[in-house]
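Protein chains: 2
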Amino acid sequence: MTSIAYNFTAPYQTPRGSAIRELAKLAADPSVISFAGGYPAAESFDLHGLRQAADDAWEANPLQCMQYGATEGLHELRDALLELSERRGIHANTDELLVTTGSQQAFDFLLRSNVVSGDTVLVENPTYPGALAALRLAGANVIGIDGDTNGIDADAVERVLSMLPSKPKMLYVVANFANPTGATLTRERRIKLLELAARHQFLLVEDDPYGALRFAGETVPPMRALASEVPSSEHWSVYLSTLSKVVTPGIRIGWIVAPAAVARRCVMAKQVSDMCSSPWNQAIANEYLRSSRFESNLPGTIEIYRARANALSDSLRQAFGDNLSFAKPEGGMFLWANFQGKLDMQQLFDNAVTEQVLFIPGSQCYFDTRASNSLRLSYATSSPEVIQQGVARLHRAYVKTV
Amino acid sequence: MTSIAYNFTAPYQTPRGSAIRELAKLAADPSVISFAGGYPAAESFDLHGLRQAADDAWEANPLQCMQYGATEGLHELRDALLELSERRGIHANTDELLVTTGSQQAFDFLLRSNVVSGDTVLVENPTYPGALAALRLAGANVIGIDGDTNGIDADAVERVLSMLPSKPKMLYVVANFANPTGATLTRERRIKLLELAARHQFLLVEDDPYGALRFAGETVPPMRALASEVPSSEHWSVYLSTLSKVVTPGIRIGWIVAPAAVARRCVMAKQVSDMCSSPWNQAIANEYLRSSRFESNLPGTIEIYRARANALSDSLRQAFGDNLSFAKPEGGMFLWANFQGKLDMQQLFDNAVTEQVLFIPGSQCYFDTRASNSLRLSYATSSPEVIQQGVARLHRAYVKTV
Numbered sequence: 001m002t003s004i005a006y007n008f009t010a011p012y013q014t015p016r017g018s019a020i021r022e023l024a025k026l027a028a029d030p031s032v033i034s035f036a037g038g039y040p041a042a043e044s045f046d047l048h049g050l051r052q053a054a055d056d057a058w059e060a061n062p063l064q065c066m067q068y069g070a071t072e073g074l075h076e077l078r079d080a081l082l083e084l085s086e087r088r089g090i091h092a093n094t095d096e097l098l099v100t101t102g103s104q105q106a107f108d109f110l111l112r113s114n115v116v117s118g119d120t121v122l123v124e125n126p127t128y129p130g131a132l133a134a135l136r137l138a139g140a141n142v143i144g145i146d147g148d149t150n151g152i153d154a155d156a157v158e159r160v161l162s163m164l165p166s167k168p169k170m171l172y173v174v175a176n177f178a179n180p181t182g183a184t185l186t187r188e189r190r191i192k193l194l195e196l197a198a199r200h201q202f203l204l205v206e207d208d209p210y211g212a213l214r215f216a217g218e219t220v221p222p223m224r225a226l227a228s229e230v231p232s233s234e235h236w237s238v239y240l241s242t243l244s245k246v247v248t249p250g251i252r253i254g255w256i257v258a259p260a261a262v263a264r265r266c267v268m269a270k271q272v273s274d275m276c277s278s279p280w281n282q283a284i285a286n287e288y289l290r291s292s293r294f295e296s297n298l299p300g301t302i303e304i305y306r307a308r309a310n311a312l313s314d315s316l317r318q319a320f321g322d323n324l325s326f327a328k329p330e331g332g333m334f335l336w337a338n339f340q341g342k343l344d345m346q347q348l349f350d351n352a353v354t355e356q357v358l359f360i361p362g363s364q365c366y367f368d369t370r371a372s373n374s375l376r377l378s379y380a381t382s383s384p385e386v387i388q389q390g391v392a393r394l395h396r397a398y399v400k401t402v
Numbered sequence: 001m002t003s004i005a006y007n008f009t010a011p012y013q014t015p016r017g018s019a020i021r022e023l024a025k026l027a028a029d030p031s032v033i034s035f036a037g038g039y040p041a042a043e044s045f046d047l048h049g050l051r052q053a054a055d056d057a058w059e060a061n062p063l064q065c066m067q068y069g070a071t072e073g074l075h076e077l078r079d080a081l082l083e084l085s086e087r088r089g090i091h092a093n094t095d096e097l098l099v100t101t102g103s104q105q106a107f108d109f110l111l112r113s114n115v116v117s118g119d120t121v122l123v124e125n126p127t128y129p130g131a132l133a134a135l136r137l138a139g140a141n142v143i144g145i146d147g148d149t150n151g152i153d154a155d156a157v158e159r160v161l162s163m164l165p166s167k168p169k170m171l172y173v174v175a176n177f178a179n180p181t182g183a184t185l186t187r188e189r190r191i192k193l194l195e196l197a198a199r200h201q202f203l204l205v206e207d208d209p210y211g212a213l214r215f216a217g218e219t220v221p222p223m224r225a226l227a228s229e230v231p232s233s234e235h236w237s238v239y240l241s242t243l244s245k246v247v248t249p250g251i252r253i254g255w256i257v258a259p260a261a262v263a264r265r266c267v268m269a270k271q272v273s274d275m276c277s278s279p280w281n282q283a284i285a286n287e288y289l290r291s292s293r294f295e296s297n298l299p300g301t302i303e304i305y306r307a308r309a310n311a312l313s314d315s316l317r318q319a320f321g322d323n324l325s326f327a328k329p330e331g332g333m334f335l336w337a338n339f340q341g342k343l344d345m346q347q348l349f350d351n352a353v354t355e356q357v358l359f360i361p362g363s364q365c366y367f368d369t370r371a372s373n374s375l376r377l378s379y380a381t382s383s384p385e386v387i388q389q390g391v392a393r394l395h396r397a398y399v400k401t402v
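First to last, the sequence lines map onto chains L and E. If you count by UniProt numbering, then the first sequence holds residues 1 to 402, one letter each, in order. If you count by UniProt numbering, then the second sequence holds residues 1 to 402, one letter each, in order.
A couple of the hints might just be wrong.
[To be verified] On the chain E side, residues computed to face chain L include the following (Cβ under 8 Å):
id : residue
1  : Ser31
2  : Val32
3  : Phe45
4  : Leu47
5  : Gln52
6  : Cys65
7  : Gln67
8  : Thr101
9  : Gly102
10 : Val116
11 : Val246
12 : Pro249
13 : Ala261
14 : Pro279
15 : Phe367
[As the list claims (entries may be wrong)] A few chain E residues that don't get close to chain L, going by computed Cβ distances all over 12 Å:
id : residue
16 : Ile4
17 : Asn7
18 : Asp55
19 : Phe215
20 : Asn323
21 : Thr354
22 : Thr369
In case anyone wonders, no lab produced these hints; they're calculated from the structure. Backbone N, C-alpha and C define an ideal beta-carbon position, used for all residues, glycine too.
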């Protein structure tokens with residue numbers, strides 16, 4: 001047999017991608033308690049309402065559901081998403097919005113149509129591993145800027161910008177209940193980032209999957225909404241969101257609000273990438289958003305997350321005391337915790353696997369491969385009782401490790 | 001106001017993309033008869049069966065429908081698609097198959113994970129404009145090789161390969177009822193391409209959206225099926241297909257069969273691109289393929305295409321006589337025709353728009369911008385009666401042009 005030598009030049013092999021996939025395999029074992037995933041709470045899905053929306057969408061126009069649709073998205077759904085964005089303070093018109101297959105695809109299209117290999121992209125450090133993977137595969141020159149419990153440090157962004165030899169293409173940030181830190185960017189920092197984006201002319205990309213899942217504290221408007229207060233910044237402000245966490249990921253509906261010239265390029269990316277998102281799924285999303293069930297189901301969803309966040313915070317405090325520091329989440333799905341003192345995190349992770357509990361080691365969320373005593377814990381998918389058990393297991397793993 | 005200067009370095013602005021989008025706008029006018037689109041016949045959709053499949057998928061496991069799923073695809077659907085591929089002569093295992101959002105996404109992932117800017121990709125000339133757009137945006141060095149009524153000229157491929165300074169990454173071909181030419185690649189040429197792929201070590205990518213829509217002539221096995229006859233070629237053979245033309249595009253389900261190492265890279269691309277295809281849509285596809293309605297509905301679908309292909313062929317022959325040459329289609333959706341003698345194709349197109357009939361000018365399907373007296377006509381979306389009217393309009397436009 002001739003030897004097979006695939007000459008893979010594209011950088012599509014990342015050890016972290018494999019690590020995440022390994023985690024997913026471990027998490028599939030029902031006796032494992034996983035704080036590692038990014039799945040939303042299945043108990044929050046309004047199954048009855050979604051089923052009704054599917055029936056209504058089909059009744060209204062089965063052929064529209066089953067035929068190709070416009071690449072930008074179903075007209076009615078784009079209007080519904082414009083209205084939803086409006087309720088979040090974002091004024092936009094149809095030319096500035098397109099439907100995507102989740103907000104992951106929204107970010108992917110932005111990257112593809114704006115960033116070529118070697119272009120600089122700024123991110124909060126740590127940040128969402130899925131964004132890091134996309135950036136790595138795009139060949140971006142990623143610069144991570146540290147954040148704190150108030151989100152990415154906008155002054156540090158300014159300092160980095162003053163030192164960069166050429167301007168970055170983009171700054172990517174999850175401003176509400178960040179993945180992984182759970183932190184929310186303050187209004188002051190948002191305004192500052194908008195000023196920097198307008199001055200240095202880069203795309204300020206806010207990914208907002210979790211913002212509607214707030215159970216404590218005050219809502220801060222999206223940067224795209226605040227752009228009206230900062231001259232010229234609306235030309236550089238991009239908003240990504242999704243129904244995956246507040247309705248269901250099963251229909252894979254996200255959206256982009258961007259300046260029309262940027263949105264047009266994303267439409268081009270979508271055209272070559274998958275033609276259009278499922279017209280039936282789009283029609284279901286449209287019916288659901290217009291049925292008022294979205295608004296009426298959301299408080300119950302938020303309560304689920306509140307109860308789980310409380311269970312996790314309380315259990316951790318009780319089990320670890322001062323050995324573990326974290327800010328109590330005000331919304332979203334994640335709690336970011338730091339162990340005090342020296343700790344072999346790989347050993348902790350291995351012991352946790354033995355104890356049948358999973359988490360994301362903090363180092364996975366940094367673009368640089370810094371040592372980190374942090375861990376990302378999702379409280380989304382387990383009941384308060386299971387969360388307590390999981391924390392007990394995690395504590396056993398910790399005791400074995402120190 | 002500061003002037004806005006988006007520094008777009010990524011090549012996401014193609015005049016042809018805009019031209020196609022302009023066409024789509026024109027085609028939306030209900031008084032226009034369009035031979036330009038790539039939509040399948042809506043009358044072929046098994047609405048009752050699809051609705052039943054959706055109900056069954058929901059009944060079986062609503063939470064699975066509404067939660068994220070594995071990036072590779074729903075396990076049951078992958079098995080169903082392996083069985084469907086098997087019925088087409090393709091033996092593969094689970095590691096070699098992943099679910100995509102249509103075959104457009106399948107090609108996109110193959111490109112992203114294998115081709116970097118400057119890499120050489122061979123295509124038939126003319127070829128599917130959607131593939132050309134994806135290749136252009138990927139920055140590929142595209143080499144078009146002419147075909148005839150038997151598909152791409154495999155001897156010409158061999159000559160090109162012998163002259164290339166470095167080996168290509170890929171050869172892309174629609175082997176059955178090609179878009180745009182309608183031609184089917186002969187078995188001999190398929191074998192030859194497999195030999196060349198194995199010898200020169202490039203991915204031989206067969207895109208097969210239409211192969212099951214044969215209404216005349218003999219089926220030729222996919223190259224991935226014939227690979228068993230050509231040593232080592234199975235390591236270089238990739239098969240893409242979709243349910244969009246034989247079931248419905250509304251659920252956006254396609255798939256890739258590729259060597260495991262290549263498939264793994266496509267899974268990585270899917271992970272950063274959209275996490276997973278809609279689990280509900282996947283469950284619907286699975287139920288539908290297993291319900292036997294797929295097989296029982298297909299003959300009726302094929303009859304629809306046969307009747308429309310006949311109507312188009314007969315009307316063209318009657319209206320244009322020897323002024324227009326074409327091979328009568330044996331399957332698929334497209335008829336490729338060439339005008340005899342000199343003709344101003346832009347003028348013909350403009351006159352056709354005035355007469356409210358649309359087609360794709362052949363030049364859109366060439367990577368080079370050669371002059372072409374050809375046009376691509378899709379007979380998929382209009383009834384035989386409407387096709388006759390459309391041809392009468394096209395003939396009036398022609399008479400005004402010559």
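Structure-based check of all given hints:
| no. | hint | in the structure |
| --- | --- | --- |
| 1 | Ser31 | violated, 19 Å |
| 2 | Val32 | violated, 16 Å |
| 3 | Phe45 | holds, 5 Å |
| 4 | Leu47 | holds, 5 Å |
| 5 | Gln52 | violated, 12 Å |
| 6 | Cys65 | holds, 5 Å |
| 7 | Gln67 | holds, 6 Å |
| 8 | Thr101 | holds, 4 Å |
| 9 | Gly102 | holds, 6 Å |
| 10 | Val116 | holds, 5 Å |
| 11 | Val246 | violated, 13 Å |
| 12 | Pro249 | holds, 5 Å |
| 13 | Ala261 | holds, 6 Å |
| 14 | Pro279 | holds, 5 Å |
| 15 | Phe367 | violated, 15 Å |
| 16 | Ile4 | violated, 5 Å |
| 17 | Asn7 | violated, 7 Å |
| 18 | Asp55 | violated, 9 Å |
| 19 | Phe215 | holds, 22 Å |
| 20 | Asn323 | holds, 33 Å |
| 21 | Thr354 | holds, 25 Å |
| 22 | Thr369 | holds, 19 Å |
Going down the numbered hints, you'll see the structure goes against 1, 2, 5, 11, 15, 16, 17 and 18, while the others check out.
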